[in-house]
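Q: Those protein sequence lines, which keep their order, are chains A and B. Just so you know, the working numbering puts 28 at position 28 of the first sequence, and the rest follows in order with no gaps. Whatever position you read off the second sequence (first residue = 1), add 1000 for the working numbering.
Any given hint could be a false lead.
What the hints assert, rightly or not - One side only, chain B facing chain A, incomplete, derived with CB under 7 Å:
1) R1047
2) L1064
3) T1073
4) V1076
5) G1080
6) G1081
7) A1082
8) P1085
9) G1170
Unchecked claim - FRET-style restraints, in silico, Cβ to Cβ:
10) A1142/B with R53/A: 39 to 45 Å
11) G90/A with L1062/B: 27 to 33 Å
12) E17/A with G1144/B: 52 to 58 Å
13) R1096/B with E101/A: 34 to 40 Å
14) L1175/B with M22/A: 26 to 32 Å
As the list claims (entries may be wrong) - Where chain A lies over chain B, by a calculated footprint (3+ residues, C-beta under 8 Å):
15) 1035-1043
16) 1086-1098
Don't read these hints as lab results, they were simulated from the structure. All residues carry an ideal CB built from backbone N, CA and C; glycine is no exception.
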Amino acid sequence: MANVGIVIVSHSSKIAEGTGDMVRQMVGDTVPLACTGGNEGGGLGTSAAAILRAIEAAWSEAGVAVLVDLGGAETNSEMAVEMLAPERRGRVVVCNAPIVEGAVVAAAEASGGSTLDAVRQVAEELSPR
Amino acid sequence: MIPAGASSERLHRVILAVADAVIAHEAELSALDRAIGDGDHGLNMRRGFEAVRAGAGEIAALPLPEALQAIGTRLVLQVGGASGPLYGTLLLTLGREIATDGANLAPALTAAVAAVMARGRSEPGQKTMLDVLAPVRAAVSAGGTALPCRLPGIAAAAAAATVPLRAARGRAAFLGERSVGHMDPGACSAALIVAAGCRAWEA
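The shape of chain A in the complex, shown without the other chains (with noise of 0.2 Å):
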């Protein structure tokens, strides 16, 4: 089976993409990755519509752990998973987790073709709780 895909969103598109280059350089192509940073208007923000493209992207039938900065990231990417197709939307997660940290544990499990669960829980340990 497909190792778990990652999905980075943030409000900055260059956290983003700065997240992402850090997962890559950690687990090279071996895991599918997108991300995704900014509204509809190019500024600070984050785009529901944008969240859903970049979970397509990072399709894997193993599922796709999200990664997200701040409040409105968090509550635009479970209207993404929403918005998915009903078959999907089981498989994604919206992790409670630091993003960059975050991003780099939970895609550093992945690669070894861990579960959606094992996924989120590594990084979700990054957590106070």
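Here the structure of chain A is known, so what remains is to put chain B in place on it, guided by the hints.
A: Same frame as chain A, but now just chain B:
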């Protein structure tokens, strides 16, 4: 209940009035958001409601449930801040729940406000748009005469009542005590939308 006879002309009037009110208050909404947030609420809401305004004719020609969902979809896709999915969820849920004749507005609005609470993992009292949506929902559920005339005042008072609150959700929560003393921008936009919508409904 209110919307017996949601004619397409009336719906068109309401959509244009709400969009125009939001667009006209861009500067005020952004100023409120600069005080306790990231300063883009006015710009984001203008972008969303310009998309709604551009489609007002075709939206108003739809049956009420589909019209509300079409507005919600435009807000989700265009607003770009947390308020996009929150207002989008409000309208999408309202559209899914409401009858074509609008007769079940009270339970439909109750479901829609509950969906916003779930989407934002928030509740009234945390200095958010819910501090306006919840009392408006309660007033609609209580019913009574001249509801569209009374709702703007209820909404405005509820928005003003967010000034002394300390933010517990959203970007403003990072400011802690410093969020006290400012009106919440989401509460302000919610009150604007309620007021403009009700006045155009009655016009």
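Q: Take the hints in turn and mark each one as holding or not.
A: Going down the list of hints, with the structure as the test:
no.: 1; hint: R1047; result: holds (6 Å)
no.: 2; hint: L1064; result: violated (22 Å)
no.: 3; hint: T1073; result: violated (9 Å)
no.: 4; hint: V1076; result: holds (5 Å)
no.: 5; hint: G1080; result: holds (3 Å)
no.: 6; hint: G1081; result: holds (5 Å)
no.: 7; hint: A1082; result: holds (4 Å)
no.: 8; hint: P1085; result: holds (4 Å)
no.: 9; hint: G1170; result: holds (6 Å)
no.: 10; hint: A1142/B with R53/A: 39 to 45 Å; result: holds (44 Å)
no.: 11; hint: G90/A with L1062/B: 27 to 33 Å; result: holds (30 Å)
no.: 12; hint: E17/A with G1144/B: 52 to 58 Å; result: holds (55 Å)
no.: 13; hint: R1096/B with E101/A: 34 to 40 Å; result: holds (38 Å)
no.: 14; hint: L1175/B with M22/A: 26 to 32 Å; result: holds (30 Å)
no.: 15; hint: 1035-1043; result: holds (count 3)
no.: 16; hint: 1086-1098; result: holds (count 3)
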